[in-house]
Amino acid sequence: MAVKINYDQTWQEGFLQRLEKDGPWCSRDLFELAVQAEEHLSVPDFEGLMAPRFLPQLTPLPHQLETARQVVENMNGKAILADEVGLGKTIEAGLILKEYMIRGLVKKALILVPASLVSQWAFELNTKFHIPAIAQRKSYVWDQYDCIVSSIDTAKRSPHREKIMEQQFDLIIIDEAHKLKNHKTKNYEFIQSLKKKFCLLLTATPIQNRIEEIFYLVSLLKPGHLGSQSGFLEKYKNKELSVQENEHLRSIVNKVMIRNRRADTGIEWTNRHVQTVPIEFTKEERELYDAIDSLRNLQSGFAAGGFSLITLKREACSSREAVYYTLKNMLKKYEDPSSEYMEALNVLHGKIQAAVQNSKAEKALELIKMIDDKVIIFTEYRATQLYLQWFLQKHGITSVPFRGGFKRGKKDWMRDLFKNHAQVLIATEAGGEGINLQFCSHVINFDLPWNPMRLEQRIGRVHRLGQTEDVHIYNFAVKNTIEDHILSLLYEKIQLFERVVGELDDILAKLDFGSMEEHLLDIFQRSRSEGEMKVKMANLSAMIHLAGTVGKEGDSLASGGNTSIS
Amino acid sequence: MLQEEIHQYLERFFSANDCTIEENGQGVLTVQLSVDMDKELMNRPFYWTYLEKTGGIPNPMKVTFITNPESAPDIKGETVHFGAPRLHQIFMSAKKLASYIRLYEEPSLIGNRQIPLHPWLNINAKISYQCDRKRDVLKSFGLSLINGVLIESFHEKLRKLSLTPKIPDYCFTISPIIKPASGLKRLESHITSDILNSDHAWADEAKKRWEDDMTLLDRFYADQEEKPETYEVEKQALQEQYEPSVKVDIINGGIFYLATAPA
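Note that the protein sequences, when read in sequence, are chains A and B. Going by this note's numbering, the first residue of the first sequence is number 1, and it counts up by one from there. Going by this note's numbering, the first residue of the second sequence is number 1, and it counts up by one from there.
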């Protein structure tokens with residue numbers, strides 16, 4: 001069989017020139033050293049990992065080495081690295097990148113990560129892996145450097161996008177790849193359009209809500225591995241899968257995905273202590289909450305935007321500032337609000353004015369003083385974040401804000417400020433991902449997200465490799481409010497916090513009963529009575545329970561340990 | 001590569017490049033760089049341009065390398081380990097500076113008769129078998145430019161001989177019968193046919209993987225009459241990922257005048 005042979009001709013020309021000009025010639029010593037250098041650098045086998053020999057200062061964990069080996073030897077350099085949060089996917093990706101660079105199979109690499117992680121990735125690749133990676137800051141880096149770390153949001157925009165398309169990247173790494181589960185987004189379309197010779201998708205949550213998500217993820221990596229879109233959806237969407245079908249799907253997914261679980265790694269993890277902190281509203285806060293609740297009966301306006309109502313109620317559990325901000329925005333949308341609507345708003349404004357005290361903030365202050373150590377507060381609302389900053393400062397506690405919208409440099413700076421100078425970091429949801437804060441071991445969930453995976457992401461910022469202390473989590477919930485219900489459903493009935501990390505995503509994946517949020521909306525919004533709500537909640541928790549027990553007998557799609565992959 | 005080997009390598013490298021070894025202790029090597037080595041390794045072109053423009057006195061750097069941090073805990077310097085960018089840079093530099101050589105054998109027995117030295121053409125090559133994986137084989141060949149005899153592991157055999165850059169007394173060189181240019185062609189065709197005749201199971205397997213992924217790709221786009229651009233991009237990516245090829249790089253080589261055929 002014919003194989004393409006590329007024979008280096010340039011050396012021959014140089015040699016003949018030197019013969020003609022009688023030199024210059026090198027010394028014997030140097031000649032010998034050049035041959036020795038090549039002996040050290042050459043790759044003797046197709047199999048095995050060279051990278052660890054080049055990284056004597058790095059001590060990868062056994063599962064990380066095994067993952068790197070699998071990807072290079074059995075997965076041809078295209079894989080979803082889906083370890084549970086905190087098992088060191090970055091190390092695995094770094095090992096693989098290093099291996100390909102040593103083997104000369106990758107020269108140019110593009111690493112797309114959340115904006116807040118750009119500097120950190122570049123730093124780790126440089127220090128831990130001796131890979132001269134550069135954080136993208138100006139557009140001229142694309143053709144000037146071989147290894148570039150950038151955020152997707154920057155990369156997909158002009159003129160970067162066009163410049164990237166001109167480059168020949170050999171390896172593309174995408175961190176937090178679960179954000180690409182929706183194939184209709186610009187980000188998805190951008191990644192799809194990139195040429196992917198080798199490609200690594202990193203995510204702790206390959207499936208969050210629906211089974212289709214894994215299809216879109218795999219299809220980015222290896223189109224056709226799970227068949228065509230129509231074929232897949234017809235076969236799997238909203239279907240009860242038989243055990244064989246489930247097993248079959250799992251085995252093909254595992255050909256392109258490696259998922260290590262904490263339990264299998266044999267690493268000692270620090271403990272998690274979870275505590276629910278019930279909050280009692282003040283009279284004024286309660287009145288505000290009830291006033292919002294009563295809007296349900298309003299004829300016009302609010303009824304149309306049912307979602308707003310439930311949002312307002314959740315916000316009322318967080319801070320009056322959050323409510324105020326949303327009301328202001330809602331009002332802007334109406335050109336000609338009805339008098340009934342305006343009156344309702346006026347009532348609400350009055351209640352907002354009256355609710356001077358924030359019970360949650362008081363409680364948080366008390367806790368922070370008691371903990372007397374670094375604390376992260378998560379809130380869903382920016383207005384609450386601002387308020388808390390003001391409130392804590394008033395009581396002599398230093399805090400720094402953190403949110404997704406920050407520029408990269410600011411994020412790094414805030415992280416450093418928190419690490420070295422401030423006691424508290426106040427993060428909004430968007431800030432939950434992609435920042436490593438293992439120097440802190442106390443987390444206050446000031447309000448609770450509906451999607452339990454988001455909660456796992458929050459905790460994962462702190463409870464990860466490198467955490468030396470037990471982690472304490474405090475969940476705030478106001479009694480007799482929607483929050484109380486969410487908490488009791490998600491966090492007590494599902495026993496989210498008691499579960500091993502990563503177990504829940506398996507369960508949700510298996511359920512495949514649509515988005516968790518849709519269910520919650522249905523329960524809290526369309527229920528006509530407390531009774532109906534309770535029945536629906538019981539149903540949901542029963543389903544989750546069932547899935548949980550099934551999950552313990554067999555294993556679910558997303559949960560294949562690395563042993564079963566081949 | 002052991003830390004001691006790295007130490008020896010650095011020592012030889014800097015000595016071979018006319019640098020002064022100022023200190024050579026346990027795990028520590030202090031080197032006064034020559035001007036050329038400073039320009040080669042220290043990456044400060046502005047300094048050298050400035051100096052040349054102003055006509056100042058060159059002040060090349062002095063560098064301390066630490067090859068064993070444990071035996072030199074208090075010494076400030078650059079730690080060099082296998083995989084350190086500095087060592088890699090020095091490897092690359094060695095290869096760049098040592099591409100071409102010409103040496104003469106120093107015969108041990110020198111009577112009063114003149115000794116003829118025969119010309120040998122040598123190349124040391126790295127042959128890389130490459131698909132989505134890669135393997136290198138290092139080969140060294142010597143071709144007699146008198147009778148066309150070809151010897152493998154030539155470099156290793158030369159290690160035993162005493163060689164010098166200047167033609168020794170009482171020796172004379174025989175002119176090549178085979179021209180160096182055609183000698184190079186002979187070596188090239190020898191290496192190429194060697195590769196073509198070897199076992200290509202690795203390439204067959206790579207092609208199989210390629211075809212498998214191609215089948216999947218076609219299935220993915222089966223519904224679409226007119227294939228979108230992404231189809232072509234993916235197709236191209238698969239080719240780059242799997243297409244087997246063999247690359248022959250010449251590390252270095254040269255001409256050797258030898259008294260006897262190496263064995």
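Just so you know, these hints were derived from the structure itself, not from any lab. One or more of the hints may lead you astray.
Claimed, not checked - The calculated lysine-lysine pairs, modelled on BS3-like cross-linking and capped at a C-alpha distance of 25 Å, are: (1) B/Lys207 - A/Lys107; (2) B/Lys179 - A/Lys21; (3) B/Lys76 - A/Lys128; (4) B/Lys235 - A/Lys4; (5) B/Lys227 - A/Lys4; (6) B/Lys76 - A/Lys186; (7) A/Lys108 - B/Lys207; (8) B/Lys185 - A/Lys107; (9) A/Lys186 - B/Lys208; (10) A/Lys108 - B/Lys76; (11) A/Lys184 - B/Lys235; (12) B/Lys76 - A/Lys4; (13) A/Lys108 - B/Lys185; (14) A/Lys21 - B/Lys95; (15) B/Lys139 - A/Lys255; (16) B/Lys247 - A/Lys108; (17) A/Lys4 - B/Lys207; (18) B/Lys185 - A/Lys21.
These numbers were taken from a predicted model, which means no experiment stands behind them.
Results of checking the hints against the structure:
1. For a cut-off of 25 Å, the pair hint linking B/Lys207 to A/Lys107 stands: about 22 Å separates their Cα positions.
2. Pair hint B/Lys179 plus A/Lys21 holds up; C-alpha atoms about 16 Å apart against a cutoff of 25 Å.
3. Only pairs whose Cα atoms come within 25 Å are accepted, and B/Lys76 paired with A/Lys128 is accepted, the gap being roughly 21 Å.
4. For the suggested pair B/Lys235 and A/Lys4, the alpha carbons sit about 19 Å apart, so the restraint of at most 25 Å is met.
5. Taking the CA atoms of B/Lys227 and A/Lys4, the gap is about 29 Å. The hint is violated against a cut of 25 Å.
6. A threshold of 25 Å between alpha carbons decides the hint, and for B/Lys76 with A/Lys186 the separation of about 51 Å lies outside it, so the pair is violated.
7. This hinted pair checks out: A/Lys108 and B/Lys207 have alpha carbons roughly 24 Å apart, not beyond 25 Å.
8. Simply put, B/Lys185 and A/Lys107 have alpha-carbon atoms about 30 Å apart, too far for the 25 Å limit, and the pair is violated.
9. At most 25 Å may separate the alpha-carbon atoms for a hinted pair to count; A/Lys186 and B/Lys208 exceed this at roughly 34 Å.
10. Distance restraint check for A/Lys108 and B/Lys76: the Cα-Cα separation of roughly 34 Å exceeds the 25 Å cut-off, and the hinted pair is therefore not satisfied.
11. Note on A/Lys184 and B/Lys235: the hinted pairing holds, with a Cα-Cα distance of about 22 Å set against a maximum of 25 Å.
12. For the proposed pair B/Lys76 and A/Lys4, the alpha carbon gap of about 50 Å is over 25 Å, so the pair is violated.
13. For the proposed pair A/Lys108 and B/Lys185, the alpha carbon gap of about 33 Å is over 25 Å, so the pair is violated.
14. With a C-alpha separation of about 21 Å, the suggested pair A/Lys21 and B/Lys95 falls inside the 25 Å cut-off, and the hint holds.
15. The hinted pair formed by B/Lys139 and A/Lys255 fails the criterion: a straight-line CA distance of about 37 Å is larger than 25 Å.
16. Using a Cα cut-off of 25 Å, the hinted pair B/Lys247 and A/Lys108 holds, with the two alpha carbons roughly 19 Å apart.
17. Between A/Lys4 and B/Lys207 the CA atoms are separated by roughly 13 Å; this keeps the pair inside 25 Å, and the hint holds.
18. At roughly 21 Å between alpha-carbon atoms, B/Lys185 and A/Lys21 fall within 25 Å of each other, so this suggested pair holds.
Hint check: violations occur at hints 5, 6, 8, 9, 10, 12, 13 and 15; the rest are consistent with the structure.
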